[in-house]
Every structure is written in structure tokens, then in C-alpha cells.
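Q: Sequence:
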Amino acid sequence: MKWLISLLGMLWLAGCADSELERLDVTLAELRHLSQTRATDASAHDVIEPFSITSSVTYRYAESRSPFQLLDATAERDPSIALDALAPQTPRPLEPLEHFTLAELRLVGTLVMGEQRVALIETPEGQVTSAPQGAYVGSDKGRITQITRQEVRIAERISTPQGWQARTASLVLDAR
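Residue numbers (the UniProt record's numbering): 1 to 176.
One thing to keep in mind: the hints can contain errors.
Said to hold, decoys possible - Just the calculated beta-carbon pair ranges, DEER-fashion:
id : residue 1 : residue 2 : range
1  : S170      : L94       : 33 to 39 angstroms
2  : R32       : P67       : 50 to 56 angstroms
3  : A103      : P67       : 39 to 45 angstroms
4  : G126      : S66       : 44 to 50 angstroms
5  : Y61       : S159      : 27 to 33 angstroms
6  : H33       : I5        : 40 to 46 angstroms
7  : Q116      : P161      : 34 to 40 angstroms
8  : S170      : R60       : 51 to 57 angstroms
9  : A103      : S130      : 17 to 23 angstroms
10 : R65       : S130      : 38 to 44 angstroms
Don't read these hints as lab results, they were simulated from the structure.
Note that the Cβ used here is the ideal one computed from N, Cα and C, for glycine as well.
Use the sequences and the hints to build the structure in full.
A: Quick look at the structure:
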């Protein structure tokens with residue numbers, strides 16, 4: 001009985017053979033042969049001429065500042081383009097408290113976290129943000145220089161027609 005089942009299985013698989021597969025093999029072989037003959041014919045006829053440069057090009061900006069060099073390093077070499085010492089050095093992303101003037105901000109408390117004192121500053125929207133010493137505050141390039149229990153001292157840099165000038169400001173804890 002096992003022998004009969006094996007014989008029927010082999011006959012069934014033999015019935016799956018397709019004459020279309022033989023035609024596909026022949027067509028693929030013809031295409032491979034055709035592409036090989038075209039490649040050999042094309043390489044024999046195509047001649048690539050070398051590219052030659054007949055004129056020289058001079059770089060006109062060799063004496064200018066390198067775009068990869070910091071502006072401060074150039075100012076040290078050439079004092080005629082020195083920057084104002086109080087001017088902001090490089091553009092940087094604004095911190096959250098820099099989007100408001102100091103008049104819009106309110107000191108609501110201070111915390112001591114380890115060795116560091118942190119100011120709790122409320123924005124006009126009512127959001128309280130923590131700001132450590134050195135954080136940027138206010139729209140006039142202000143930076144927190146000192147935090148005490150009742151006050152936050154801020155060093156601001158403002159632009160005037162005479163150049164950049166420093167001034168101090170403070171936020172005082174309200175007794176509300």
C-alpha cells in the first residue's frame with residue numbers, strides 16, 4: 001500500500017511540470033547572450049577622450065577670513081574689526097525666560113538644592129520656572145549673577161547707539 005501511495009505522489013508531481021517553464025529558460029538564455037554581445041560591441045566602439053584644463057583658475061578670496069574660523073580669532077589678528085566686549089558672542093537658542101521682559105517676570109521663591117540656590121520665576125502665563133545662577137533671563141540678554149533668599153540679581157547687556165552697555169537689575173520676592 002505504501003508503494004502505491006508513493007507511485008501516485010510521483011505521478012502527481014510529474015503532472016505539475018509545465019512546458020511554459022522550458023520556454024522561459026530558452027528566452028532568458030537568449031537575452032543573456034544578446035546583452036553580452038551588445039556589451040562587447042559597445043566597448044569596442046566607444047572612445048572616451050580625456051578632459052583637459054586649458055586655463056587656470058585663481059581663488060580671489062584667499063586674503064579674506066576663512067569661513068571655518070571663529071570671528072573672535074579674526075578680531076584678535078585685526079583690531080579694526082574687533083567686536084564690542086559686551087556684545088553677545090554667538091547666536092544660541094533662547095532659554096524659556098528670555099522670551100519675556102524683566103517687568104513681566106516675577107520672583108515667587110528660591111530653593112537650595114545641594115550647594116546650589118535656584119530661583120523660582122513666574123512667567124506672565126502663570127508658569128513657574130526654576131533658574132540657577134548663570135541662567136539667561138529677560139529680553140535684554142540678562143544673566144543671573146546672584147541668588148539670595150529675597151532677591152535675584154541680573155547683569156543685563158543692552159544695545160545703545162554708543163554700543164553695548166552693561167546694567168544691573170533685580171527681581172525681588174513679593175510678599176503676596
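Q: What hints, given by number in increasing order, does this structure fail?
A: 1
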